[in-house]
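Trainee: Just so you know, the protein sequences line up as chains H and E, in that order.
To convert, note that position 341 of the first sequence is 341 in the working numbering; the numbers rise steadily by one, no gaps.
To convert, note that position 165 of the second sequence is 165 in the working numbering; the numbers rise steadily by one, no gaps.
Keep in mind the hints are simulated off the structure, nothing from the lab.
A couple of the hints might just be wrong.
Quick look at which bits of chain H chain E covers, simulated, 3 or more residues with Cβ under 8 Å [claimed, not checked]: (1) 129 to 135; (2) 162 to 169; (3) 211 to 222; (4) 242 to 252; (5) 259 to 268; (6) 332 to 342.
Ideal Cβ placement from N, Cα and C applies to all residues, glycine included.
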Amino acid sequence: MSDIEALNEQLAGLQEEALKAFSGATDLAVLEQLRVAYLGKKGALTEVLKGVGKLPPEQRPVIGQQVNAVKQALATALDAMESELAVKAKAERIEAERLDVTLPGRSGPVGALHPVQQGLDEITAIFSQMGFAVAEGPEIENEFHNFDALNIPPEHPARAMHDTFFVKGLSSGENAEPMLLRTHTSPVQIRAMRRFLEEGHEPPLAVVAPGRVYRCDYDVTHSPMFHQVEVFKVDHDVSMAHLKGVLKHFLSTYFEREVDIRLRPHYFPFTEPSAEVDIGCVFCARKGCRICKGSGWIEVLGSGMIHPNVLRSVGIDSSIFSGFAFGLGVERLVMLKQGIPDLRLFFENDVRFLRRMGS
Amino acid sequence: MKIPFSWLKEQVALSKSPAEIADDLIRLGHEVEGIELPRAAVQGVRVGLIEAKVPHPDADKLSLLKVNIGEAELLDIVCGASNMDVGDKIPVATVGTSLPNGLTIKKGKIRGETSCGMCCSETELGLADESAGLLILPADAPIGMEVGEFLQLEEAVIDLSITPNRGDCMNVRGLARDLAADANLPLADINSQTAEVESTVQAVAVSVSADSDCPVYLARRIEGVKLADSPAWMQAGLIMAGMRPVNGIVDVLNYVMLYYGQPMHAFDADNIDGDITVRSAVAGEDFAALDGRKLKLTAGDLLVSDASSVIALAGIMGSEASGVSNSTTNIVLESAFFRPARVSETRRTYAMVSEASMRFERGVDPLMVATAMQQASLLIQQLFGGQIGAITTCGDAAAIHAGVRVRCAVSRIESRLGIEIPESVDAVLRRMGFGIERSGNTIDVTVPSFRHDISIAEDLSEEYARVIGFDAIPEVLPSLATIAPARLDRSIHDAVASGFLQVVSYAFIAEKEQRLFVPADGNDISLENPISDAMSVMRRSAWPGLMNVAKHNLNRQQAGVALAEQGRLYVKTANGHAEDNVLAWLMTGEVARDEWCGSARNADFFDLKAALESWLAVRGLTGRFIADDSIVGLQAGQSARILVGRVEAGRIGKVDGDIAAAFDIDTPVFVADINLDALPEGKKAKFQSLPEFPGVERDLVFLFDKHTTSEAILNTVRSAGGKLLNDARIFDLYQGKGVPEDKVSLGIRFSLQAADRTLTQEDSDAAMHAIIEAVGKRFAATFRG
Chain H
1 MSDIEALNEQ
11 LAGLQEEALK
21 AFSGATDLAV
31 LEQLRVAYLG
41 KKGALTEVLK
51 GVGKLPPEQR
61 PVIGQQVNAV
71 KQALATALDA
81 MESELAVKAK
91 AERIEAERLD
101 VTLPGRSGPV
111 GALHPVQQGL
121 DEITAIFSQM
131 GFAVAEGPEI
141 ENEFHNFDAL
151 NIPPEHPARA
161 MHDTFFVKGL
171 SSGENAEPML
181 LRTHTSPVQI
191 RAMRRFLEEG
201 HEPPLAVVAP
211 GRVYRCDYDV
221 THSPMFHQVE
231 VFKVDHDVSM
241 AHLKGVLKHF
251 LSTYFEREVD
261 IRLRPHYFPF
271 TEPSAEVDIG
281 CVFCARKGCR
291 ICKGSGWIEV
301 LGSGMIHPNV
311 LRSVGIDSSI
321 FSGFAFGLGV
331 ERLVMLKQGI
341 PDLRLFFEND
351 VRFLRRMGS
Chain E
1 MKIPFSWLKE
11 QVALSKSPAE
21 IADDLIRLGH
31 EVEGIELPRA
41 AVQGVRVGLI
51 EAKVPHPDAD
61 KLSLLKVNIG
71 EAELLDIVCG
81 ASNMDVGDKI
91 PVATVGTSLP
101 NGLTIKKGKI
111 RGETSCGMCC
121 SETELGLADE
131 SAGLLILPAD
141 APIGMEVGEF
151 LQLEEAVIDL
161 SITPNRGDCM
171 NVRGLARDLA
181 ADANLPLADI
191 NSQTAEVEST
201 VQAVAVSVSA
211 DSDCPVYLAR
221 RIEGVKLADS
231 PAWMQAGLIM
241 AGMRPVNGIV
251 DVLNYVMLYY
261 GQPMHAFDAD
271 NIDGDITVRS
281 AVAGEDFAAL
291 DGRKLKLTAG
301 DLLVSDASSV
311 IALAGIMGSE
321 ASGVSNSTTN
331 IVLESAFFRP
341 ARVSETRRTY
351 AMVSEASMRF
361 ERGVDPLMVA
371 TAMQQASLLI
381 QQLFGGQIGA
391 ITTCGDAAAI
401 HAGVRVRCAV
411 SRIESRLGIE
421 IPESVDAVLR
431 RMGFGIERSG
441 NTIDVTVPSF
451 RHDISIAEDL
461 SEEYARVIGF
471 DAIPEVLPSL
481 ATIAPARLDR
491 SIHDAVASGF
501 LQVVSYAFIA
511 EKEQRLFVPA
521 DGNDISLENP
531 ISDAMSVMRR
541 SAWPGLMNVA
551 KHNLNRQQAG
561 VALAEQGRLY
571 VKTANGHAED
581 NVLAWLMTGE
591 VARDEWCGSA
601 RNADFFDLKA
611 ALESWLAVRG
621 LTGRFIADDS
631 IVGLQAGQSA
641 RILVGRVEAG
651 RIGKVDGDIA
661 AAFDIDTPVF
671 VADINLDALP
681 EGKKAKFQSL
691 PEFPGVERDL
701 VFLFDKHTTS
711 EAILNTVRSA
721 GGKLLNDARI
731 FDLYQGKGVP
741 EDKVSLGIRF
751 SLQAADRTLT
761 QEDSDAAMHA
771 IIEAVGKRFA
781 ATFRG
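Let's have the full structure, built from the sequences with the hints guiding it.
Mentor: Here it is as structure tokens:
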């Protein structure tokens, strides 16, 4: 047998052996070893190539082609096997990494805004978007801002109805008038209007003033501290129709549905006319239920046209300007919207309640 | 105020149901709190005649009755009462009846015997709070008649909350006037009969010196009264109206007040010494009030006195000694107009409220003063006999509140209401007592004597609005100038975003809890009239409130809490007081719990510090935490002041163990607060291009003296690291085996980066050498690797 025949045979044997070995490889590592064993620098094919040098030069290209063909065939087989094994290996890995996706995620602390805060944010945002500017005022007030400027003189019966907390050791003005915890957010009307005028502006002025207020009254339906939002607008020709329009828009936006509103004549010293505002019961669609005590209406806030004495107390000419004002209880609106049955829950701060109401 | 429906019907022929009238009252501005239906409440209870009574075979205390309710068959009723006999007439609740106490009568068996109804007591009919046995009805009660009808129970009682401006409606007559005007029905005339005056009865001598506080005062003697209980109809009416019958005279005066709105007073004439004077009090005068209180009067209080003592605090309460008792035979009746502000001030001074003062404070109708005197006199004489003396009148009622007129443009009212006012509405107001003349755009209104609340055009706008009805006013959205919305305060939102629950606690706390965190310095603001000691002082720290919330929740099986609160703190200052807006945090107990992928861990200082650092970072701020052992209430060595820029913005630390224990908390508690008002404005982030070239990280480990602060170390390495040092952070801290007792091993990881090139080995080596050298020099620290 000639050298070339021997070489050819050797090549054929090598190819057959290698292909067999490749197809028997069980994983990529084995396959890599085989690649090195057959095609590597010191591999079997290289060994065979060493024999080429012994051939006469004219035979070398022939055998060279042969070697390349074998090399090509092995490489192709190797690639195919490699992809096959890669797919298999990936499938195995995926299977090995399979999780119980129903296990709970790692727990981290979850915060929540207090429901009153959520209410304040929502209410303030609605009025902000309508163009009302946000204002605040002190909680420890003098009698002037809390009462006198709001047309509630000392002998006024309404003053006694406010269940006012007085503070010790503070006084206001030359007459050392006692200081108190504001009983409503209405004093912000006075402060905001005064500031506005002092800054040299002229109405229109539209303000929303959220804040804490205090009444000396503590039972199932009264908290000595609660939250109110005061809303008012002063301009030329402001009318009760505007008041009703703003109330309707606000209440419908807040309750996320078109609500009916009903104004009932009432009395507040700082407004004239004054009206209590009811909404069509959001629980029974005005059919009458336990919440609305069968009436189909739920009282939500007090409102009215700003009394000329109030405008006068800040120096606004009531023959030129008029305004509306209303004050709403945040806890009450939140209770209605979220179905919270008991006012005390807000101040008990039970974390189970806070988490539950957090969304 | 409760008004029996039948009283309203005596004044105006109402054809509507009580519920419809309640709606009308609401529309007219009178708040209806509720409607009681005493007659309907006992519908189905009928007059029954007991025809047979035998003992229950199986129960000693029960009887078997055969009761005739006027139907074909007698009713078998098992009854537990013992005060009835055959021939008695009793109220029988028939099967299906629901009683005021909520019980619904069903046919049933009681100890084996059939019972088809229930015999009722007064309590069960809702007529009394307690009763002994069955209500035995008069013999002439028609068998089978509805008991409510037989007893003439009130059809309805309307419970009203009259607003302070409408004193004129704190009586039947005033409400009837509004209803009559609204429905265009006539209002009944007041009985114009006057009592016959006996010349033998001496007139009362009265002098009024405080005539501005008492512009009109009427008094008259009635002699020889035979005092008895007021009649049943009057007592029933008073009870329905929510008042207790007292004695004949007082009941009549209360009835007149409820009916006509004029409060009156009766003195026992035999207990009055000489003439009556109405005058201002001298400071310190004694007054022994009917309610048993002994007062020292204030100068200016309006009083009624005789020659020797004060017999009444005008319009508020009489004296104990001068009052009418069951043995009284001669009386002096008083009817007057006292100035509202005067009554209000005195009433507030002594915290003394009476039905009379409530009406005087709101202003009574001056023209009703004399009418009420006549009505009361007539009733007293009619019921209890007696000879009536002449009325002594001081002052002129017609001069009070006379001719109050309001003139204004109709268009002014229209633009205030946002609706047109047709002339037809004037007629309704005229029926309500107003004199109205309209010419073109002008109205000229004369206000009736009983409306003290109307003096300007805006007041009239309310009258028009309630007559037209607020429902008629359209809903119009005004055009609102849009103002740049204020920047939203995100303080609490950002705290919540890092896992804290927002709480809201009271602004007033217990003084002893204040002292746990705030030293006594006289700058507390406490309440004059707190709800309780636990709510008596305005808080100067949010921590006591948070501690209480933590306690509340840990007591309810919570393994840990992370709380945040935003609110104000209140403190006296040199020129008044300050209200600082603060954000406060509290963490205690588990921050991580046992779960399949990790185990439980309690909160520590650095959990809370992390929350504060990230809260500050969100607003473009960083804080320096400066160890401070002097923070009241916090544990030395685990507490710090927080410096933001140059401002002392907050505090953080572990609550003293004894204090935590006082709140029943046994896990370490960490608290912090930030004064939001003091906090400097954070920097709004400016864009910086992202690094183009890769950085490298290098670790160094040193042994430091135990007391070296990481802040000092990091400051040193940062300045030594030069421009290339991007960040240095402590990645390892070790004390223990292999480290000397007074040392600590710190591992610091440095990241180095240049903006313009890839760093070389030489670059980072140079930086590390500089750092090692600086650290060695500054701290005598040992470089470990």
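Trainee: Each hint needs a verdict: does it hold in this structure or not?
Mentor: Taking the hints in turn, this is what the structure says about them:
Counting residues of the region 129 to 135 of chain H whose CB lies closer than 8 Å to any CB of chain E gives 6, which reaches the minimum of 3, so the coverage claim holds. By the rule of at least three residues with a Cβ nearer than 8 Å to a Cβ of chain E, the coverage given for the region 162 to 169 of chain H holds, with 5 such residues. For the region 211 to 222 of chain H, the assignment as covered by chain E holds, since 4 residues bring a beta-carbon within under 8 Å of that chain's beta-carbons and 3 suffice. As drawn, the region 242 to 252 of chain H meets chain E at 7 residues by the rule of a beta-carbon pair under 8 Å; at three or more, the given contact holds.
Figure legend: the region 259 to 268 of chain H, annotated as covered by chain E; annotation consistent (7 residues with Cβ-Cβ distances under 8 Å, at least 3 required). Only when three residues or more bring their CB closer than 8 Å to a CB of chain E does the claim for the region 332 to 342 of chain H stand; here the count is 0, and the claim is violated.
Checked against the numbered hints given earlier, this structure breaks only hint 6.
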